[in-house]
Amino acid sequence: MQDEGSNDNWILRLYVAGQSPKSIAAFKNLKNICETHLKGDYRIEIVDLLKNPQLGKGDQILAIPTLIRQLPSPMKKIIGDLSNEDRVLVGLDIQSEKRESNEGIK
Amino acid sequence: MKDKPADEVRINLPKVATGIKGLDEITNGGLPQGRPTLITGSAGTGKTLLSLEFLVNGVIEYDEPGVFMAFEETEEELIQNVASLGFDLQKMIEDKRIFVDYVHIERSEIEEAGEYNLDGLFVRLNNAIETVGAKRVVLDTLEALFTGFTDQTILRAELRRLFRWLKAKGVSAIITGEKGEIGLTRHGLEEYVSDCVISLSHEEQDRVYTRRLRIVKYRGTKHETSEFPFLIDDDGFAVMPITSLALDHDVSEERISSGVPEMDAMLGGKGFFRGSSILISGTSGTGKTSLCGHMADGACKRGEKVLYLSFEESSRQIIRNMKSIGMNLGKWVEKKQLIFHSARVSLFGLEAHLTALHKLMGKHEPDLIIIDPINAYLSNDDEIEAKTMLIRLIDFIKANKITGYFTSLTGSSEAEASTSVNISSLMDTWLLLRDIETRGERNRGLYVLKSRGMANSNQIREFMITSKGVKLKDVYLGREGVLTGSSRLMQEMIDQEDSRKLQEKINSLEEELERKEKAMEAQVELIRLQAKSEKIDIMNELDQLKREILQKEVFTKRNLESRSK
Numbered sequence: 001m002q003d004e005g006s007n008d009n010w011i012l013r014l015y016v017a018g019q020s021p022k023s024i025a026a027f028k029n030l031k032n033i034c035e036t037h038l039k040g041d042y043r044i045e046i047v048d049l050l051k052n053p054q055l056g057k058g059d060q061i062l063a064i065p066t067l068i069r070q071l072p073s074p075m076k077k078i079i080g081d082l083s084n085e086d087r088v089l090v091g092l093d094i095q096s097e098k099r100e101s102n103e104g105i106k
Numbered sequence: 107m108k109d110k111p112a113d114e115v116r117i118n119l120p121k122v123a124t125g126i127k128g129l130d131e132i133t134n135g136g137l138p139q140g141r142p143t144l145i146t147g148s149a150g151t152g153k154t155l156l157s158l159e160f161l162v163n164g165v166i167e168y169d170e171p172g173v174f175m176a177f178e179e180t181e182e183e184l185i186q187n188v189a190s191l192g193f194d195l196q197k198m199i200e201d202k203r204i205f206v207d208y209v210h211i212e213r214s215e216i217e218e219a220g221e222y223n224l225d226g227l228f229v230r231l232n233n234a235i236e237t238v239g240a241k242r243v244v245l246d247t248l249e250a251l252f253t254g255f256t257d258q259t260i261l262r263a264e265l266r267r268l269f270r271w272l273k274a275k276g277v278s279a280i281i282t283g284e285k286g287e288i289g290l291t292r293h294g295l296e297e298y299v300s301d302c303v304i305s306l307s308h309e310e311q312d313r314v315y316t317r318r319l320r321i322v323k324y325r326g327t328k329h330e331t332s333e334f335p336f337l338i339d340d341d342g343f344a345v346m347p348i349t350s351l352a353l354d355h356d357v358s359e360e361r362i363s364s365g366v367p368e369m370d371a372m373l374g375g376k377g378f379f380r381g382s383s384i385l386i387s388g389t390s391g392t393g394k395t396s397l398c399g400h401m402a403d404g405a406c407k408r409g410e411k412v413l414y415l416s417f418e419e420s421s422r423q424i425i426r427n428m429k430s431i432g433m434n435l436g437k438w439v440e441k442k443q444l445i446f447h448s449a450r451v452s453l454f455g456l457e458a459h460l461t462a463l464h465k466l467m468g469k470h471e472p473d474l475i476i477i478d479p480i481n482a483y484l485s486n487d488d489e490i491e492a493k494t495m496l497i498r499l500i501d502f503i504k505a506n507k508i509t510g511y512f513t514s515l516t517g518s519s520e521a522e523a524s525t526s527v528n529i530s531s532l533m534d535t536w537l538l539l540r541d542i543e544t545r546g547e548r549n550r551g552l553y554v555l556k557s558r559g560m561a562n563s564n565q566i567r568e569f570m571i572t573s574k575g576v577k578l579k580d581v582y583l584g585r586e587g588v589l590t591g592s593s594r595l596m597q598e599m600i601d602q603e604d605s606r607k608l609q610e611k612i613n614s615l616e617e618e619l620e621r622k623e624k625a626m627e628a629q630v631e632l633i634r635l636q637a638k639s640e641k642i643d644i645m646n647e648l649d650q651l652k653r654e655i656l657q658k659e660v661f662t663k664r665n666l667e668s669r670s671k
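Residue numbers (the working numbering), protein chains in the order written: chain Z, 1 to 106; chain P, 107 to 671.
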């Protein structure tokens with residue numbers, strides 16, 4: 001695991017399996033999104049299941065990469081290389097007000 | 107891939123035994139080793155149980171640890187499920203013989219944002235396999251993945267990869283799937299599993315549920331394609347493999363006693379062949395159960411095990427009744443040599459009943475099985491089904507070299523032979539008990555209708571049930587036919603009188619003969635005496651003459667001497 005950023009309001013855990021292209025892409029995409037929307041207010045933990053396979057059970061990880069929003073609760077789960085930024089934002093529930101106004105209907 | 111290599115493939119294909127009764131027999135050894143097997147069926151057909159037994163038996167019987175990846179039930183639920191079958195799954199998990207991984211997929215929690223694969227599943231499965239050194243793996247049911255992920259393209263590619271990976275791992279895997287509307291599984295899992303597919307079902311017929319198992323395909327091996335009934339009970343899963351039998355069972359030359367010496371005498375003096383099937387038919391009250399008692403008693407005395415299936419009387423009733431004719435079956439029950447099983451056939455349905463029987467036989471390994479009476483099977487509405495089931499049962503008993511002793515209740519009068527004719531061809535020996543009614547008496551007669559492979563008596567014997575058991579009497583064959591009961595006794599008395607008279611005549615003749623001999627001897631003596639006295643007279647005369655000659659010689663000599671002087 002490694003820590004990124006300084007504050008604890010957003011704790012995001014990214015599950016990967018080795019240094020696969022998808023995992024690397026996911027980390028890059030996550031980093032970009034966080035820097036854009038959550039700057040200074042987030043922490044990213046990276047769990048490599050190849051190194052710690054038993055950790056997959058706790059968060060029920062099947063797909064790789066999987067991003068878990070630890071905080072704020074409730075827990076959220078997003079799978080994929082996070083290349084679809086809109087979906088990541090929906091999944092993490094970031095800027096919900098902005099999104100709601102965009103969609104028009106809730 | 108034409109005809110030629112088929113045999114070799116069949117022999118060479120390595121298999122892994124499931125340890126499930128019957129299943130290993132119909133698959134000729136078990137599931138394909140190191141390859142995935144698909145088990146499909148609708149909800150509640152026993153997929154999970156079959157898979158769990160495969161794992162548990164692997165640990166207990168074949169020293170093969172296993173992994174259970176559960177997509178539907180939690181670890182605790184699984185432990186509870188098999189605890190009712192007497193398996194301590196908890197302990198196996200603690201001992202690191204079985205690894206259970208509960209995989210929970212909640213569709214609503216997951217957002218898909220970009221490309222992904224199922225490496226997480228692979229890592230978890232791999233970790234589980236390596237933790238216990240698993241040889242067997244169960245994925246129950248993998249189709250849950252289809253509800254968890256929307257991207258079908260990715261999912262299908264990953265499934266294909268998973269099956270390849272499982273094969274590369276060399277684990278023998280069971281994958282379960284829900285039966286679909288059209289295909290074998292709802293999501294077409296069968297397209298990934300090409301080696302072995304087994305389908306489970308349960309159907310209602312005449313208000314009785316029957317579970318059935320069918321091997322849909324099994325690449326490279328001979329297998330049965332028909333549906334087999336199976337049972338889930340206190341001991342778990344059991345399949346009835348009877349139609350897989352062929353008519354090539356070994357036969358025994360050994361003879362076993364019927365328990366009634368006079369009856370053995372009718373059967374070439376030695377009794378039945380071991381492993382043969384024997385039918386005793388007769389109207390009610392002709393003594394069929396008593397003969398069963400003798401057979402059972404005789405077998406137990408030889409130290410054999412007997413399974414007695416009674417469909418009309420309780421075991422206690424039979425024991426009591428046999429006691430009244432001098433047999434103590436109770437002690438054999440105590441020694442566990444005699445096992446009674448009383449149940450109504452209709453309780454389960456035929457197939458389930460026979461599966462239960464199959465299990466009973468496997469459990470007790472009897473040398474003799476008594477079914478009293480087999481009509482219990484034939485009372486079913488569906489006569490054809492009942493008959494085929496009975497054929498399968500008898501075949502199974504024969505194939506296991508168990509002697510089968512069946513009774514059949516026939517209606518009165520002429521129908522006696524015809525009701526049993528359907529099954530009689532399966533029987534090696536057929537004894538018929540019948541009533542003989544004369545002069546206001548009902549007596550029992552027994553005769554051998556057929557007995558394959560041995561000399562047998564063609565005579566009817568009178569059959570009597572005494573306080574010392576069943577006795578057979580030679581019947582009286584007179585001008586008026588067979589005589590039994592008091593008629594026989596009367597005839598026997600007349601016979602006795604006749605022979606007494608004859609004996610007297612013989613005696614008097616013998617006396618006369620003696621007298622004559624004595625008279626003859628007296629005459630001989632007389633002649634001898636006469637001859638003797640005559641002989642003496644002659645000898646006296648001879649002496650006289652000799653003396654005269656001597657005197658004459660003396661006289662002559664004296665004359666000569668005086669002349670010379």
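These are calculated hints, taken from the structure and not from any lab test. The structure displayed is predicted, hence computed values, not measured ones. In this text, a Cβ means the ideal position worked out from N, Cα and C, and glycines have one as well. Warning: the hint list may mix true and false statements.
What the hints assert, rightly or not - Below, simulated DSS-like cross-link-like pairs (lysine-lysine); rule was C-alpha separation at most 25 Å, straight line: (1) K323/P x K275/P; (2) K57/Z x K275/P; (3) K57/Z x K323/P; (4) K51/Z x K273/P; (5) K202/P x K51/Z; (6) K57/Z x K39/Z; (7) K51/Z x K197/P.
Unchecked claim - Quick list of the computed label-pair ranges, beta carbon to beta carbon: (8) A274/P x S20/Z: 46 to 54 Å; (9) G58/Z x R213/P: 18 to 26 Å; (10) G150/P x P74/Z: 30 to 38 Å; (11) S214/P x S83/Z: 19 to 27 Å.
Going through the hints against the structure:
no.: 1; hint: K323/P x K275/P; in the structure: holds (23 Å)
no.: 2; hint: K57/Z x K275/P; in the structure: holds (21 Å)
no.: 3; hint: K57/Z x K323/P; in the structure: violated (35 Å)
no.: 4; hint: K51/Z x K273/P; in the structure: holds (24 Å)
no.: 5; hint: K202/P x K51/Z; in the structure: holds (21 Å)
no.: 6; hint: K57/Z x K39/Z; in the structure: violated (30 Å)
no.: 7; hint: K51/Z x K197/P; in the structure: violated (28 Å)
no.: 8; hint: A274/P x S20/Z: 46 to 54 Å; in the structure: violated (19 Å)
no.: 9; hint: G58/Z x R213/P: 18 to 26 Å; in the structure: holds (19 Å)
no.: 10; hint: G150/P x P74/Z: 30 to 38 Å; in the structure: holds (34 Å)
no.: 11; hint: S214/P x S83/Z: 19 to 27 Å; in the structure: holds (22 Å)
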